[in-house]
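J.: Spelled out, the chains give:
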Amino acid sequence: MDTKDKNPELSSPGVMFPDTSITPLEVDELMRPANGVMTEISPAEPGVEPDIEKVGPRKKSPTPLQESLRRLRRDKRAMASVCVIGFFILLAIVGPFIYQHIGGTYQSPINGPIGPSVYHSPFHQELTNQDLSFSSMYWLGTDDLGRDLLARLMQGILISLTVALLVEIVDVGLGVLVGVLAGFYGGWIDQVLARVTDIIFAFPGLLFAIMLTGIFGTEADVVFSNVPLIGANGDARLILVSLALAITVWPLMARFVRGQTLQLKEQQFVEAARTSGSSNRKIILRHIIPNLFSIVIVASTLNISNTIIGEAGLSLLGLGVQTPGSSIGLMIAQGENNITGYPWEVLLPTIVLTIIVLSFSFLGDGLNDAFNPRSKD
Amino acid sequence: MAENLLEVNNLKTYFFTRSGVVKAVDDVSFVMKPGETLGVVGESGCGKSVTALSVMRLVTTPPGKIVGGEIILSGENILEKSKDELTDIRGSKMSMIFQDPMSSLNPVFNVGFQIAETVKRHRKGISNDQAWKRAVEMLDLVRISDAKRRAKNFPHEFSGGMRQRVMIAIALACNPQLLIADEPTTALDVTIQAQVLELMNGLSKEFGTAVMLITHDLGVVAGTCKYVNVMYAGHIVESAPVKQIFESPAHPYTVGLLKSIPRMNESRGEKLTPISGQPPDLGKEIIGCPYAPRCPRVQARCREERPTLQSVGRGDQVAACFYPY
Amino acid sequence: MVQFLIKRFIGLIFVVVGVTFITFILGYFAPGDPIRDLLGTHYNLQTYLALKHAYGLDLPWYTQYLNFLGNLFRFQFGYSFQYQNRPVASILAQGVPVSAELAFWALVIQVGVGVPIGILSALRANTWLDTANMGVMLVFYAMPVFVLAVFVQVFIVWIDQHTGASWPVSQWGNPWQYTPSDISFKLAPILVFAAGGAAFFARITRASMLDVLRQDYVRTARAKGLNERAVIYRHALRNGLIPLLTVVGLSLGTLVTGAFFIENVFNIPGIGYETIISIGNRDYPVIQATVVLLAVGVVIGNLLADIFYSLADPRIKIQ
Chain A
1 MDTKDKNPEL
11 SSPGVMFPDT
21 SITPLEVDEL
31 MRPANGVMTE
41 ISPAEPGVEP
51 DIEKVGPRKK
61 SPTPLQESLR
71 RLRRDKRAMA
81 SVCVIGFFIL
91 LAIVGPFIYQ
101 HIGGTYQSPI
111 NGPIGPSVYH
121 SPFHQELTNQ
131 DLSFSSMYWL
141 GTDDLGRDLL
151 ARLMQGILIS
161 LTVALLVEIV
171 DVGLGVLVGV
181 LAGFYGGWID
191 QVLARVTDII
201 FAFPGLLFAI
211 MLTGIFGTEA
221 DVVFSNVPLI
231 GANGDARLIL
241 VSLALAITVW
251 PLMARFVRGQ
261 TLQLKEQQFV
271 EAARTSGSSN
281 RKIILRHIIP
291 NLFSIVIVAS
301 TLNISNTIIG
311 EAGLSLLGLG
321 VQTPGSSIGL
331 MIAQGENNIT
341 GYPWEVLLPT
351 IVLTIIVLSF
361 SFLGDGLNDA
371 FNPRSKD
Chain B
1001 MAENLLEVNN
1011 LKTYFFTRSG
1021 VVKAVDDVSF
1031 VMKPGETLGV
1041 VGESGCGKSV
1051 TALSVMRLVT
1061 TPPGKIVGGE
1071 IILSGENILE
1081 KSKDELTDIR
1091 GSKMSMIFQD
1101 PMSSLNPVFN
1111 VGFQIAETVK
1121 RHRKGISNDQ
1131 AWKRAVEMLD
1141 LVRISDAKRR
1151 AKNFPHEFSG
1161 GMRQRVMIAI
1171 ALACNPQLLI
1181 ADEPTTALDV
1191 TIQAQVLELM
1201 NGLSKEFGTA
1211 VMLITHDLGV
1221 VAGTCKYVNV
1231 MYAGHIVESA
1241 PVKQIFESPA
1251 HPYTVGLLKS
1261 IPRMNESRGE
1271 KLTPISGQPP
1281 DLGKEIIGCP
1291 YAPRCPRVQA
1301 RCREERPTLQ
1311 SVGRGDQVAA
1321 CFYPY
Chain C
2001 MVQFLIKRFI
2011 GLIFVVVGVT
2021 FITFILGYFA
2031 PGDPIRDLLG
2041 THYNLQTYLA
2051 LKHAYGLDLP
2061 WYTQYLNFLG
2071 NLFRFQFGYS
2081 FQYQNRPVAS
2091 ILAQGVPVSA
2101 ELAFWALVIQ
2111 VGVGVPIGIL
2121 SALRANTWLD
2131 TANMGVMLVF
2141 YAMPVFVLAV
2151 FVQVFIVWID
2161 QHTGASWPVS
2171 QWGNPWQYTP
2181 SDISFKLAPI
2191 LVFAAGGAAF
2201 FARITRASML
2211 DVLRQDYVRT
2221 ARAKGLNERA
2231 VIYRHALRNG
2241 LIPLLTVVGL
2251 SLGTLVTGAF
2261 FIENVFNIPG
2271 IGYETIISIG
2281 NRDYPVIQAT
2291 VVLLAVGVVI
2301 GNLLADIFYS
2311 LADPRIKIQ
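Residue numbers (our numbering), protein chains in the order written: chain A, 1 to 377; chain B, 1001 to 1325; chain C, 2001 to 2319.
Think of the hints as simulated: they come from the structure by calculation, not from any bench.
These numbers come from a predicted model, not from an experiment.
Warning: the hint list may mix true and false statements.
What the hints assert, rightly or not - From the derived model, a few chain C residues whose C-beta atoms are all more than 10 angstroms from chain B:
#1 Phe2151
#2 Leu2226
#3 Val2248
#4 Leu2304
Unchecked claim - Calculated pairs, DMTMM-like style, for lysine to aspartate or glutamate (alpha carbon to alpha carbon, straight line, at most 25 angstroms):
#5 B:Lys1065 - C:Glu2228
#6 B:Lys1065 - B:Glu1085
#7 B:Lys1083 - C:Asp2211
#8 B:Lys1152 - C:Asp2216
#9 B:Lys1120 - B:Glu1137
#10 B:Lys1081 - C:Glu2228
#11 B:Lys1065 - B:Glu1076
#12 B:Lys1065 - C:Asp2216
#13 B:Lys1124 - C:Asp2130
#14 B:Lys1083 - C:Asp2130
#15 B:Lys1083 - C:Asp2216
Here a beta-carbon is modelled for each residue, glycine too, at the ideal position from N, C-alpha and C.
Chain A with its partners taken away, still in its complex shape:
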């Protein structure tokens, strides 16, 4: 008995369990049995289930995608989350550039006159300015090595988002590819996927990622340090962390996609396509994948939450980005050392992390409600 197939959402405790089960576009709901009395597709019996949506041929009916987007726009929580996420993306990408041009020249006792591009950099240590509170020079204060917290925070956010992006690309790419093939063709692909999934699932939570980064971390620092943009300043680990997290999550996506493919395969519209002579490849590309679209979007958005948590967690344990680099997790770990004296050093990154994670979760929930509307009992 494979409970993981029955409820793929349950297989990962990390994936937010939606309040309703996810099912693909149910074309069957459009067809009602014509028992001699029905003339056209009529609205569902209002007395018994008043909130089944009226779907049917009307003039100028919007596409399901437009309908879903419309529903999404009405979801205030999801829209707020989109704004917040947008803000953070902007902050991470453009923020440092702007911030490093704000502020006058500072006479550092150690480093001489320095401009904002120096003291607002996430790596610069100004040792006479340790553990400062908010000021006009250091907008969010400094940590115990005199580094600007806002700058480090922006860097940390950038890293979180980058890792999330990398992981999702692999997750969706590999997951959909293998999942569709396994679900559609079955056979050995399916068997292999099942075995691989079982083994990866056997490593609880982040254990595999912890092991991978723990063992190969220092080597990765050396090997990847030459990768442009990412390699320097202790960031080389990003690649390893992304790899580790991606390996941990793609089997789940693949299983999920496989389950949906299996369901879709049995739908009548696939049979119809087949009888009209479409090749397998065409069926997959034209019919199956577009219907997976909404489900994959929801799953990957929710997964971004988990990835960000994972990266922060690994950094917290010292396995991710290394100093002098900055990651939210690393900031939390460093802030922990000063928790009695200067609690904002640990609270700041923690709160920011919480907001980002909640935003992606709310967005994922909102997307789920938008794409898979069910009567909200």
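Based on these hints, arrange chains B and C on the given structure of chain A.
T.: Just chains B and C now, kept in the frame of chain A:
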């Protein structure tokens, strides 16, 4: 004349949804005598199921609510009963069976238990053994072979038709005066349909149980019912003894229904005549006769005034129409 | 039933082989030369080769793997690289009771608090109680466990500073003992650890109960004239709680990862804590042993959960 077993007077059941009020049952009145079989016919959305659920007071509240009328069972007004009193009545004075036998039985209890449960609930002081015995008896009665052994089986071990028979067993276990059957055969194969209907008919005659049979299938009604109510858009539009409904339908909707069914004696190649148009949106106010937009005999008066049930001059037959056939 | 068990057992073996193999391979390709590091300045070719031989590191990889596997089954995890004469098992043995206590109480609270909240929410669906409940649960669920830990720590520190109390934010006290002092150490970490899981259980229970309450057989139960208590607690609950068995199995996984974080944030000397230190020391045998133990433990836990599930749901044919 025997006293009425069930009197429904001006029943109104509305649903208060986010997009407005849906008048699922709007001023429905009818009576049933003891032991009688009444068929309630209409298409999806006409309010027949909601009427039945209202009688049992099983309408989901919210969003539904019985906003007016009386439901009098054996002289007692159901709408004035408390929750506790209702649980005493349900299952013992009146019972209901539903459309989908696959999902109407609890999958984790065996069928014997589910029947015995009703018996224990309504017969004070009965022992577990006696209740179980009665359960096996009932299974036998509904013609489940090897009843003693099969009572220990779980619902998933039975076929659809057999599950519906189990439902009947549960419903009749405490000898109710009224059995409401909401589309009991719709989910079953045609051949099984006949068996189940025959069973229901036989048992109702044997125990004197009145049956309210709800269906969209006129064919089902023909063989089993004494009277028929035809419903449309939350109203009863015609009510007559079964023979008259088929031989001389009065309301244009009934006529339309009968015309749209393929008959054995029609010549091949003749097209089916469906009813054009769609049933009205029950969330919007309806002025005049609800069938007017689709009626071939419509006149100006029909759009302004709502017709009530009136005699059409053929015995008990009544129809809500100004220009009946 | 026996066939089912055999089939699952084979699956279990396969997974164990896979897990151990991967763990082994990663250790095998691990960078650095632990023997050389061990010798440090006392490096000398002969000693080096002798030590290598003693640790069995000069054998071909497949032989090493088989040795590794064989030893595992005898619960011999080899000797630590860092602490030469200490068997890994003894290092772990210290951490196990601590981690087990932490996990045990966390699980008890997760189920004991989460499930009733979920049921309550489902019964009062869409009322303010439900919305409030689920709102709070959402926050606890979405927040990573170390985030909550940090908030709680800051809070405790603040209390200490303003009331002169000395509520600790780190260390554990004595394993499986509950003097007031012990409790002061354990209360916060356990509650923090349990919060996320309790929220998870609450959400799942609520969803499951809502689904069940919608089912036709609940309507049938009411139509039979059963009173509301019987409908909910006999018919609905019995069905609604079955999926939770699988969930408990699955939550074992998060329990393990969560333990790592809680132990590190609160400085609790459990398995997770030891493992992180070992990683810092490049003490691979300890890492391997921990990973294998935890992975196999979780797999067995899931298997047990599945067995209970199939016992509880008569629809599942165990053939």
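J.: Looking back at the numbered hints, which does the structure fail to meet, lowest number first?
T.: The structure conflicts with hints 2 and 13, although it agrees with all the remaining ones.
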